[in-house]
Amino acid sequence: MKRILPLAAAALLVSCAAPLPVGERPKLSERDLDEVTAVLKRDFHERGQAKMERVELDEVQRLCNVHADNPPAEQARALEAKLLAAIPFPSGSLIGDWKAGEKIAQSGRGAMWSDKPGEAAGGSCYNCHELSPKTTSFGTIGPSLRGFGKLRGSTPEMQRYAYGKIWNAKAYNLCSQMPRLGHSKTLTEQQIKDLVALLLDPASPVNQ
Amino acid sequence: MRAVALLAAVALAGPAAAQSQFEKYQQMTAEGSPVELFEMEGEALWRKPQGPRNVSLEKCDLGKGPGVLQGAYAALPRYFADADRVMDAETRILHCMVALQGRSLAEASKRLFGNADNPSEMEYLTAYVAGHSRGVRMTPGTEHPKERAAFALGQKLFYHRAGAWDFSCTSCHGQENKRIRMSELPVLDRPEDARPIVATWPAYRVSNSQLKTMQWRINDCYRQMRMPEPNFGSEATIALNLFLTATGQGAAYNGPGTKR
Amino acid sequence: MAGPMKMRATLGNGFTDVRVLMTHPMSTEQQTKGQPHFIQNVTVKVNGKTVIEGEISQAVSRNPVFSFRLAGGAKGDKIEVSWLDNKGDTNKTEAAVA
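Chains as they are written, first to last, in this note's numbering: chain A, 1 to 208; chain B, 1001 to 1260; chain C, 2001 to 2098.
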């Protein structure tokens, strides 16, 4: 018996590996990102408009990934300024047609492999935001935008802010969960103007 | 049949009195779920001789020994020495189609995701296999070095933002009490949220009358994440599945489930 | 279109609970642009004697499930449920009360 005991204890040790780090968020290094990107290249394939180039990380994605969406303030500010300067703001009024904007906000289509390339995309806005009081099935990942223009007015500065935020949300908050709808070529200039109208036009249901 | 339907409604209302509206809805969808039909069809396919060798899948080893179905699904994903890799239920079934029945991988994986009019062989079989784990505690493989590597990779994938819209799994499943439209979103790196989810896949979705596998779930998440398409049964999908299942381990398996 | 059916009949105190699952597309006029395909008649027999003759419509969802309670019953009673759809297809299943 004396001889068997230590053996049994050893066997127990071998079979009980340390528990997995369940529920803990790992800190991802640049090397981890490269490893994951290599796995995605190996294990994914292009389909329709979803090409393989989409697995390549850009500067924003890299910085947000290695800092779990909480990058050092200085680095974030510098990159935000660079992105802001790259937004191609159209000249003149940025307010389009809120009725067209409402349709764009409702549609969750666009940029998926199941979407026809070239067909007008939507902004998926209601998936995450409350907008018109008529739509009660809104998501809550983003803040409520009810009364957005009523509260802020529709000055040229506000138009520019709304347009820029939709074109590239990351220029205002680097690791925002909001997609870069203009930068990613999901929405066109006119579509973004229509969404700006949905937010700012006093006649828009958002501001009723 | 009108009287019949009324009777059914009365029978349901009785014990449901003290439940929340949501639980009531869940119970009613479960009572009306045709998921057993998928299990029946799956059983017929499991026993049907097929492929160049004209044999059934009855000798398929899902991790508990050849032909043992009881509790097998609840112990997946896990490492399989004969394939020297971690596999989930769907990947293992595919492996058996090739190794036992002599089918080519291309032929066996021609149609892995079906539709309402014509569900796939894989969907039927997965429902049948999973049905033999009802009530069994979920214990995916977490000790073999390849299982541990898969968990670590799955975890990295879970938090990895990429693609045209900069999404990771946490974009939807990373914060408490959030919704997309009216769908409540579980925070899948929290064990208490992951448990009821991993315990109910595969699942029949009443909104489109289809039985869906976990491989499909991961595939469709990546579609909505605006990413390219993951290969069925690839290391990445299994790593993610193992990460989710290990996070929810310990739950009593309660599927095939019924979902919205 | 005679996919599988499944039925369970359990004896309670003075009644029998029956749950039956049917495979059927149950497609509507609207979905099919005028070529609906749905179960019209459902018949329930106990030991060969018809106890329910029901009609259902396109409004019932795909792969319908019905639960109902029959008065009385005894262990071993033979329950038979059959359906007939608008294209003349039919299917039936049998179970003994347990």
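Just so you know, these hints were derived from the structure itself, not from any lab. Among the hints, a few may not be true.
Straight-line distance between alpha carbons at most 20 angstroms, and here's what the computed SDA-like set of lysine to any residue pairs gives [unchecked claim]: (1) A:K27 / B:K1259; (2) A:K51 / B:W1046; (3) B:K1259 / B:K1048; (4) B:K1146 / A:D43; (5) C:K2006 / B:R1047; (6) B:K1048 / B:L1112; (7) B:K1048 / B:A1030; (8) C:K2087 / C:Q2040; (9) B:K1259 / A:G139.
Outcome of the hint check:
For the given pair, A:K27 sits about 34 angstroms from B:K1259 by alpha-carbon distance, which is inconsistent with the 20 angstroms threshold. Between A:K51 and B:W1046 the alpha-carbon distance is near 37 angstroms, which puts this suggested pair outside the 20 angstroms criterion. For the given pair, B:K1259 sits about 29 angstroms from B:K1048 by alpha-carbon distance, which is inconsistent with the 20 angstroms threshold. A C-alpha spacing of about 17 angstroms is found between B:K1146 and A:D43, which places the hinted pair at or below 20 angstroms, so the restraint holds.
For the hint pairing C:K2006 with B:R1047, the CA-to-CA distance comes to about 18 angstroms; that is within 20 angstroms, so the pair holds. Pair hint B:K1048 plus B:L1112 holds up; C-alpha atoms about 18 angstroms apart against a cutoff of 20 angstroms. About 29 angstroms separates the Cα atoms of B:K1048 and B:A1030, which puts this hinted pair outside 20 angstroms; it is violated. The suggested pairing of C:K2087 with C:Q2040 holds, with an alpha-carbon distance near 9 angstroms, which does not exceed 20 angstroms.
Our distance criterion of 20 angstroms between C-alpha atoms is met by B:K1259 and A:G139, whose separation comes to about 19 angstroms.
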